[in-house]
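Based on the sequences and whatever the hints tell you, model everything.
Residue numbers (the numbering used here), protein chains in the order written: chain C, 1 to 291; chain S, 1 to 326; chain G, 1 to 252.
None of these hints come from the bench; they were simulated from the model. C-beta: ideal position from N, C-alpha, C; glycine also. Incorrect hints may have been included.
Stated by the list, open to error - Here are the in silico distance ranges between beta carbons for each label pair:
hint	chain 1	residue 1	chain 2	residue 2	range
1	S	S295	G	T119	47 to 55 angstroms
2	G	R75	C	S222	28 to 36 angstroms
3	C	G90	G	S182	40 to 48 angstroms
4	G	R75	C	G90	29 to 37 angstroms
5	S	S319	C	S222	33 to 41 angstroms
6	G	R75	C	T164	41 to 49 angstroms
7	G	R145	S	A307	35 to 43 angstroms
8	G	V147	C	Y260	37 to 45 angstroms
9	C	L263	S	H256	20 to 28 angstroms
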Amino acid sequence: MTLNLFLLQLFTGVALGSVFVLLAIGLSLIFGLLTVVNFAHGAFYMVGAYVGVFLLGLTGNFWLALILVPFVVGSMGLFVERFLVRPLYGRGIDYPLLLTFGLGLVLVELVRILFGLEGVPFDVPEALQGAVNIGVGWFPLYRLFLIGVTVVLVVGLWLFLEKTSYGLIIRAGARDPEIMRVLGVDIGRVWLIVFAIGTGLAGLAGVLSAPMTSVIPDMGTSVLVEAFVVTVVGGMGSLLGAVVAGLMVGIIIAMTSLFYPELSDLAMFILMAAVLLVRPQGLFGRKGLMG
Amino acid sequence: MSMTETDNGAGIAARVTDFIRRHRVAAVLIVLVIFPFVLPYQALASNILIFGLFALGFNLVFGYTGVLSFGHAAFFGIGAYGVGIAIVHFGWPWFLAIPLGVVAAGLTAMIMGALAIRTRGIYFAMVTLALAQCVYYIVYQMDDWSGGEDGLTGVSIRQVDLGFAQLSLLDPTVKYYFVLAFVAVAIYLFSRILASPFGAVLEAIRENEDRARACGYDVRLTKWLAFVISGLFCGLAGALYAIHLSVVPIEILHYHMSGQVVMMALLGGMGTFFGPFIGAIVYLLLEDIVTSMTSHWQLVLGLVFMACVLFFPRGIWGSILHWIRR
Amino acid sequence: MSVTGAPILAVRGATMRFGGFTALSNVTAEFPEGQLTAIIGPNGAGKSTLFNILSGAFPPTEGEVLFRGRNIAGRRQHHFARIGISKSFQITNIFPDLTALENVRIAVQAMTMRFDLWTPRSRLVAMEERAAELLRDVGLIEHQRRVASELAHGEQRALEIAMAIACEPKVLLLDEPTAGMSPEETVEIMRVILSLAERCTVILVEHKMKLVMDISNHILVLHHGEFLAEGTPDQVRANDEVRRVYLGEGRR
Numbered sequence: 001m002t003l004n005l006f007l008l009q010l011f012t013g014v015a016l017g018s019v020f021v022l023l024a025i026g027l028s029l030i031f032g033l034l035t036v037v038n039f040a041h042g043a044f045y046m047v048g049a050y051v052g053v054f055l056l057g058l059t060g061n062f063w064l065a066l067i068l069v070p071f072v073v074g075s076m077g078l079f080v081e082r083f084l085v086r087p088l089y090g091r092g093i094d095y096p097l098l099l100t101f102g103l104g105l106v107l108v109e110l111v112r113i114l115f116g117l118e119g120v121p122f123d124v125p126e127a128l129q130g131a132v133n134i135g136v137g138w139f140p141l142y143r144l145f146l147i148g149v150t151v152v153l154v155v156g157l158w159l160f161l162e163k164t165s166y167g168l169i170i171r172a173g174a175r176d177p178e179i180m181r182v183l184g185v186d187i188g189r190v191w192l193i194v195f196a197i198g199t200g201l202a203g204l205a206g207v208l209s210a211p212m213t214s215v216i217p218d219m220g221t222s223v224l225v226e227a228f229v230v231t232v233v234g235g236m237g238s239l240l241g242a243v244v245a246g247l248m249v250g251i252i253i254a255m256t257s258l259f260y261p262e263l264s265d266l267a268m269f270i271l272m273a274a275v276l277l278v279r280p281q282g283l284f285g286r287k288g289l290m291g
Numbered sequence: 001m002s003m004t005e006t007d008n009g010a011g012i013a014a015r016v017t018d019f020i021r022r023h024r025v026a027a028v029l030i031v032l033v034i035f036p037f038v039l040p041y042q043a044l045a046s047n048i049l050i051f052g053l054f055a056l057g058f059n060l061v062f063g064y065t066g067v068l069s070f071g072h073a074a075f076f077g078i079g080a081y082g083v084g085i086a087i088v089h090f091g092w093p094w095f096l097a098i099p100l101g102v103v104a105a106g107l108t109a110m111i112m113g114a115l116a117i118r119t120r121g122i123y124f125a126m127v128t129l130a131l132a133q134c135v136y137y138i139v140y141q142m143d144d145w146s147g148g149e150d151g152l153t154g155v156s157i158r159q160v161d162l163g164f165a166q167l168s169l170l171d172p173t174v175k176y177y178f179v180l181a182f183v184a185v186a187i188y189l190f191s192r193i194l195a196s197p198f199g200a201v202l203e204a205i206r207e208n209e210d211r212a213r214a215c216g217y218d219v220r221l222t223k224w225l226a227f228v229i230s231g232l233f234c235g236l237a238g239a240l241y242a243i244h245l246s247v248v249p250i251e252i253l254h255y256h257m258s259g260q261v262v263m264m265a266l267l268g269g270m271g272t273f274f275g276p277f278i279g280a281i282v283y284l285l286l287e288d289i290v291t292s293m294t295s296h297w298q299l300v301l302g303l304v305f306m307a308c309v310l311f312f313p314r315g316i317w318g319s320i321l322h323w324i325r326r
Numbered sequence: 001m002s003v004t005g006a007p008i009l010a011v012r013g014a015t016m017r018f019g020g021f022t023a024l025s026n027v028t029a030e031f032p033e034g035q036l037t038a039i040i041g042p043n044g045a046g047k048s049t050l051f052n053i054l055s056g057a058f059p060p061t062e063g064e065v066l067f068r069g070r071n072i073a074g075r076r077q078h079h080f081a082r083i084g085i086s087k088s089f090q091i092t093n094i095f096p097d098l099t100a101l102e103n104v105r106i107a108v109q110a111m112t113m114r115f116d117l118w119t120p121r122s123r124l125v126a127m128e129e130r131a132a133e134l135l136r137d138v139g140l141i142e143h144q145r146r147v148a149s150e151l152a153h154g155e156q157r158a159l160e161i162a163m164a165i166a167c168e169p170k171v172l173l174l175d176e177p178t179a180g181m182s183p184e185e186t187v188e189i190m191r192v193i194l195s196l197a198e199r200c201t202v203i204l205v206e207h208k209m210k211l212v213m214d215i216s217n218h219i220l221v222l223h224h225g226e227f228l229a230e231g232t233p234d235q236v237r238a239n240d241e242v243r244r245v246y247l248g249e250g251r252r
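Here it is in structure tokens:
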């Protein structure tokens, strides 16, 4: 076991973790502002991959498909928030969750009807094929690209939330939606946008993963669990938590598949259990948030 | 004129439902006893029995304590695998295998509960889903014991020797009543628990957790205990399911099964005694009918569930009760 | 009224910080046993925060909460109730879908029967009788079978007080018990509180100065999260600091 192999696998973990980061950020945003746990998040991820396949088939241009997918999926999110989730606010914290669970089932089945039960192929675009020598070895270019896109998005999102007035409204709304309303902010519009961003990110994660994994209707099922583990470890409602925990889980899975393959499925759960015992609110979660 | 008629209608309905509710255990049992003669085929009746119990156990935590768990498949599944492993690998008789399944499920609930209860309210669903999925992966990996992807086969009990009688479980009707015996006892115990002071505490916690705490109740411990009791009941349901099917499929531990019991509980009416059974009946009948017409049952299920959440959150029985009270 | 004067409840160096905001700063105060103490101060003085620390809703960031000399800061909420510190909430907090009697019965039950899984509730006659007694004490006996959410605001506050005394507390903490009440309801609640003060120590947070001056034995004044003054109503009324702080607010 050379150091190079170790470091190379670490990079693989970061690439894997990047997908988790995108998913967890979306989940955390939606939870942080709307207090909704989006049980359809895995389904939106899957839909993103399929929309990507469709757009790629339509336009033949990977880059165009990549850019359009989050908008398409985000618009679906707009619709879902406005007409399905919003009527449930004030009813009790479990209802939006249950609704999104049902929605997830519907989305998966619709995709099965439209695209069939077998998977669809999605190749790595030519420009991103091949491997790059990153010093410790040859690493797939596409995975570097994935990491790059994630970094850009995380930084962009951070800038948006911290530096713009709209981002301020989102952060403030997460702390106290009542005050936002009193101040005249159209909190409904904020909810729409945040839900759209959250689902758009999930869709983007899906289309980015598509070349690396099999695009099948079920691809969101296990991803949902991973997204949940990451948000529990990182702390719900925390962007930093999503990033750190996403990378941690990605790296842990990658490293255990190398050293203890039998444990690789369970490794993230062990991490989650440890966090639950020692710091139940998550690494960066706020204590006492959401009783 | 018509107003008195409606009043009478509601009044009579109220008296009838009150009577039924006061003798709730008997009411459920009477229906379940005549079931096999009412339904088209045996397997459906047994399924309703088993899933009704599963939903009943789940309802203790969801409907009565107000806590949403998405991990109850773990208890159902461990109950099933417990019985399965005892019969297939240890060669135990039914009266040892079934308790093993139940106890194993209870232990799983104790551990899962201890980990999950430390989190705040809305996290609970996520954490239980993840923990239960962890159980799924563990059982999947231990394929020497569990059969892995193919499930555990050969969980069959052919004969039950009661001393004064010999029951052949190869006859589906006999098997149904064998399962019913367990379910009947479980329903009775469940009813006692709900009617006990502990049951009152659970309802208080659902109504107003902060208030319950201020009165001096250890809310966390109480929730954990409810979770464990729920796990025992669901474990029994799983054990009976394994015996009913003679195999334990790995899907039994997947979170889709957890979602299924949530849907049954919501459909029937959370926080009501009859709701879980009504929910199980409606769900399974609907599934039976729809799958015979189309292969897209999940679509119908998802839409029905969403409609339920949006428009009928009280569920069938809950809505009936609410209408009568108005 | 007990004349020991020894503090049954006290805070020492209590500080409470929420993120960057300091709600309470190094507050030390004693609450004499058997007395009726009022905590007063202008808005934002930290009264509710102190109340929450005393009742165990959350622990202070720094400092101690002493019950009969023992530090109980950081213990969980239900523990406070069990050792005899009982409270009513600022915003009425009852079990809305249960009847008034059931509300109080659950409170009574908390002291003795938390994990009984077998006895049918219908057999718990003694508890129901005790619950009825408590409802009588707060003047709600005619409403015992009414669903709590249907009671008038003043009646709900009274119900909450009945629940708070169900555990036979040594210390009863009341957070603005007269908030939102009509003058008649206020008189009635005050009568109830005074009668309760004969059986246990009462600590009130209140805005209505006239009320406070009329019924308390002891007053604690907070300002900007800090201790300002304490003493008998006369002492506090005469205190220069207090007069300065309240000047312009007038007597309510």
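Going through the hints against the structure:
Take S295 (chain S) and T119 (chain G): their Cβ atoms lie about 51 angstroms apart, and the range 47 to 55 angstroms holds. Between R75 (chain G) and S222 (chain C), the C-beta spacing of about 42 angstroms breaks the proposed range 28 to 36 angstroms. The hinted window of 40 to 48 angstroms between G90 (chain C) and S182 (chain G) is violated, with their beta carbons roughly 29 angstroms apart. At about 34 angstroms, the beta-carbon gap between R75 (chain G) and G90 (chain C) stays in the expected band of 29 to 37 angstroms.
A C-beta distance of roughly 36 angstroms is found between S319 (chain S) and S222 (chain C), which places it inside the suggested range of 33 to 41 angstroms. Taking 41 to 49 angstroms as the suggested C-beta distance range, the pair R75 (chain G) and T164 (chain C) conforms, at roughly 44 angstroms. R145 (chain G) and A307 (chain S) have their C-beta atoms about 37 angstroms apart, which keeps the hinted 35 to 43 angstroms range intact. About 58 angstroms separates the C-beta atoms of V147 (chain G) and Y260 (chain C), a value inconsistent with the hinted range of 37 to 45 angstroms.
Take L263 (chain C) and H256 (chain S): their Cβ atoms lie about 25 angstroms apart, and the range 20 to 28 angstroms holds.
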